[in-house]
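Enquirer: Could you put together the complete structure from these sequences and hints?
Protein chains in written order, with numbering that gives the first Met the number 0: chain P, 0 to 342; chain R, 0 to 342.
A few of these clues could be false.
[Unchecked claim] Distance windows between CB atoms, simulated: (1) P/E30 to R/K257: 23 to 29 Å; (2) R/K95 to P/A333: 56 to 62 Å; (3) R/N172 to P/P270: 38 to 44 Å; (4) P/D151 to R/K257: 18 to 24 Å; (5) P/I137 to R/D280: 46 to 52 Å; (6) R/I137 to P/E47: 36 to 42 Å; (7) P/D151 to R/Y54: 34 to 40 Å; (8) P/S153 to R/S57: 57 to 63 Å; (9) P/I137 to R/E96: 43 to 49 Å.
[To be verified] Only pairs whose alpha carbons sit at most 16 Å apart, straight line, appear in this in silico EDC-like list of lysine to aspartate or glutamate: (10) R/K245 to P/E241; (11) P/K250 to R/D216; (12) R/K250 to P/D280; (13) R/K250 to P/D41; (14) P/K83 to P/E30.
Don't read these hints as lab results, they were simulated from the structure.
Ideal placement from N, C-alpha and C gives every residue a C-beta, glycine not left out.
Number of protein chains: 2
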Amino acid sequence: MGSLLTVSLDAMGGDHGLPVTVPAAIASLAEHPNLALILVGDQDKIREELSKHNYPDSDRMQVQHASQIVEMDDKPAQAMRFKKDSSMRVAINLVKEGRASACVSAGNTGALMATARFVLKMLPGIDRPAICGLLPTIPGFCHMLDMGANVDSSADNLFEFAVMGSVLASAVNNIDKPSVALLNIGEEEIKGNEVIKEASRLLSDSQLNYVGYVEGDGVYQGKANVVVCDGFNGNIALKASEGVAKMISFKIKQAFTKNIFTKMVAVLTMPVLNSFRKTIDPRRYNGASLLGLQGIAIKSHGGADVLAFKTAINQALIEIENRVPERISEQLEALLVNQREDV
Amino acid sequence: MGSLLTVSLDAMGGDHGLPVTVPAAIASLAEHPNLALILVGDQDKIREELSKHNYPDSDRMQVQHASQIVEMDDKPAQAMRFKKDSSMRVAINLVKEGRASACVSAGNTGALMATARFVLKMLPGIDRPAICGLLPTIPGFCHMLDMGANVDSSADNLFEFAVMGSVLASAVNNIDKPSVALLNIGEEEIKGNEVIKEASRLLSDSQLNYVGYVEGDGVYQGKANVVVCDGFNGNIALKASEGVAKMISFKIKQAFTKNIFTKMVAVLTMPVLNSFRKTIDPRRYNGASLLGLQGIAIKSHGGADVLAFKTAINQALIEIENRVPERISEQLEALLVNQREDV
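Expert: Encoded structure:
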């Protein structure tokens, strides 16, 4: 049993809670023989949900009681102060105590970020954590950060995000020198505000594979493996992208249900449209990494279903196997040594 | 001839220039009997292009010579200083001189913005101009501003954008009290930075139909007629949206060309997919308004084709007919009077 990698799950978090987290946990254990899970939350309710699936406690499926739940509209400070026995907090505590190597939550993003930062602490040399997500692109996918941990960031913060994103891409996707771009409103050097220009100078002078500015459409053309931006812009871009994708699938559905002819065509087209949908299915990209912490914490989309939550658990496992926090520290150290040698 | 409404066109601007602007001009005149156009640029080349279409000069299709062209990568200040006889500048001058009631250009956005502001001047009470574009949404469309005229905006600027967008929506689309929202990273009151919070307070206290914050996905769900944001975020959202739409249409094409079966399905599906594409065709939404100026200036997408450029000319005509600049002044005045009465 020594080779098991343990992930703690905030079993109560998200829009759906146990009906999603428990089946996702069961499916994940079936897929990954080296995975163990600790389900954190109301132990009676968790066991009831497990018994619905005829699934007993085991070494690989432990239950850890927590009496409180962080609600989606709780303010981060309130959650930290008044919900010290929440499923979210206890799941993170398990990582701090070394009983789990990573935690996953579909709960309140702000509370998760604040709690993870407070409990796990920042990596030395990193000023602020960032939320790093995976986006589909024409050639494949890219990592984008920050997606909303910070509402405004300095040039130094953006530089740190670039380091963290670069490490994640190389560790998780075996990309040797991941290309890194800054999200901006134009690719020309003259555009953008002072913070972005300064960040661009820092990145140009670094050992990172910095490829310059990228606009929103360049992101989806796959112009970089890692796209760096402040949390406000990252979140705006992410949500606008989600909105367009939803609108397009609504309009496609509308076009196919217009009349009897289009409905007949729809039946024939279904397999093709399904194969297309799979390539941009957000559930296959679920599980954003909270980077910059002394530990691994994964944020699942609040509305995640079983498949999506399973993807987030998988992301946690990949980051454990690839020692992501340790590698961020090492890379940061190496970059700083290089910079000192350059001087 | 007294009832003709005249629009000046920067005939040389954009990625394609005359092969797009001239056919679009001819088609626009055929569609709108009350429209007259002044084509501005190299007169020999314009007449050559017109003769290809067997189209003579007339009262409704005049040619105005301009010896220079603003390139897409010219810096705004350089264009202003060294290209005083550019097709863009002369087209704007014609509005200032009263020979045209609006101008349209597919040229360099920064140069167009700077030149229009310098020549036409701001409306009294408006601090900064904004670029207002039309976006498709699930129920129809919405106006979004600023899309990139300013890289950072104060709360007062955002308030002015809201007034201008609201006037445009009510004047152009006959919406009585257009709903106005602020683009933010969350709908909860606690989120967002200080500028947005302050703008939200200003809008809540105003006579505008302010409906609160909206996220990127809410924009496409049609939660507001007018979405207000600073130019950086607006541009990020716009470009990300374009990127996703392009990626999705690429992936759809890919799915339909996979093998002989999918290709056969594609033939059947074509009419349905085409009717879907029409509803989100960016060419049908081309023509962003430069608002806040003492005159009407329309920015066409640089890559516009004939249909798209014709849409931009149409937008100019609609704004003339609806006296958009005058109505912005009136509405601003009315809002300020109401505020004074409230005190």
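Enquirer: If a hint holds in the structure, say so; if it does not, say that too.
Expert: Here is what the structure says about each hint:
no.: 1; hint: P/E30 to R/K257: 23 to 29 Å; verdict: 27 Å, holds
no.: 2; hint: R/K95 to P/A333: 56 to 62 Å; verdict: 59 Å, holds
no.: 3; hint: R/N172 to P/P270: 38 to 44 Å; verdict: 40 Å, holds
no.: 4; hint: P/D151 to R/K257: 18 to 24 Å; verdict: 45 Å, violated
no.: 5; hint: P/I137 to R/D280: 46 to 52 Å; verdict: 20 Å, violated
no.: 6; hint: R/I137 to P/E47: 36 to 42 Å; verdict: 39 Å, holds
no.: 7; hint: P/D151 to R/Y54: 34 to 40 Å; verdict: 54 Å, violated
no.: 8; hint: P/S153 to R/S57: 57 to 63 Å; verdict: 59 Å, holds
no.: 9; hint: P/I137 to R/E96: 43 to 49 Å; verdict: 47 Å, holds
no.: 10; hint: R/K245 to P/E241; verdict: 14 Å, holds
no.: 11; hint: P/K250 to R/D216; verdict: 15 Å, holds
no.: 12; hint: R/K250 to P/D280; verdict: 12 Å, holds
no.: 13; hint: R/K250 to P/D41; verdict: 43 Å, violated
no.: 14; hint: P/K83 to P/E30; verdict: 33 Å, violated
Hint violations for this structure: numbers 4, 5, 7, 13 and 14, all remaining hints satisfied.
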